[in-house]
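The opening position of the sequence shown corresponds to residue 2 in the working numbering, with each subsequent residue numbered one higher.
Keep in mind the hints are simulated off the structure, nothing from the lab.
Keep in mind that this is a model prediction, so the values were computed, not measured.
Here a beta-carbon is modelled for each residue, glycine too, at the ideal position from N, C-alpha and C.
It is possible that some hints are incorrect.
Unchecked claim - Straight-line distance between alpha carbons at most 20 Å, and here's what the computed SDA-like set of lysine to any residue pairs gives: (1) Lys36 to Arg123; (2) Lys113 to Leu56; (3) Lys36 to Ile47; (4) Lys124 to Ile47; (5) Lys23 to Met33; (6) Lys31 to Asp129; (7) Lys113 to Ala52; (8) Lys113 to Val41; (9) Lys39 to Ala117; (10) Lys115 to Ile47; (11) Lys36 to Tyr119; (12) Lys31 to Ser19; (13) Lys42 to Leu109.
Unchecked claim - Here are the simulated distance ranges between beta carbons: (14) Lys36 to Arg99: 33 to 43 Å; (15) Ser130 to Glu11: 26 to 36 Å; (16) Gln125 to Pro90: 45 to 55 Å; (17) Gly97 to Arg28: 50 to 60 Å; (18) Glu38 to Val58: 29 to 39 Å; (19) Ile16 to Asp110: 51 to 61 Å; (20) Leu51 to Gly97: 13 to 23 Å; (21) Leu56 to Asp35: 23 to 33 Å; (22) Glu128 to Val41: 15 to 25 Å.
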Amino acid sequence: MELLETQDPEKKKLIAASQRHKQELEREVKAMSDKTEKAVKNALIIGGALALTYLVVSQLGSSKKKKNKPKVSVASNEVDTGPAAYAPPSFISQIGERLVSQATVILLDIAKDKLAEYLSNRKQKHEDS
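Work the whole structure out from these sequences, hints included.
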């Protein structure tokens, strides 16, 4: 039976065309899965950068939100709310704040670039469809 099928030239053409279509579909599926994998990696990088930025800012920002409690003197039980309760930030904390703000700007810039790249790839893929 197979001998008769392979001898017919029209069936040979159809089988060859079927094989070409199958290979082309497999190539397209592989290309789509590669693009999807790249997009997911970019999304994870962006999400990680944003999460890291949030954690750093929240950890360093929480120390600023602490309020100085008024001091109670033991001898007279009076509350001291004078100017001595305020202490200006030290030089090291100012450097730390600047480093955190610069790191935040850099991470947000990277995230912006990755997001723009992802959106342009998505738009390009949509236009190709």
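Kindly indicate which numbered hints from before are broken by the structure, ordering the numbers from low to high.
none
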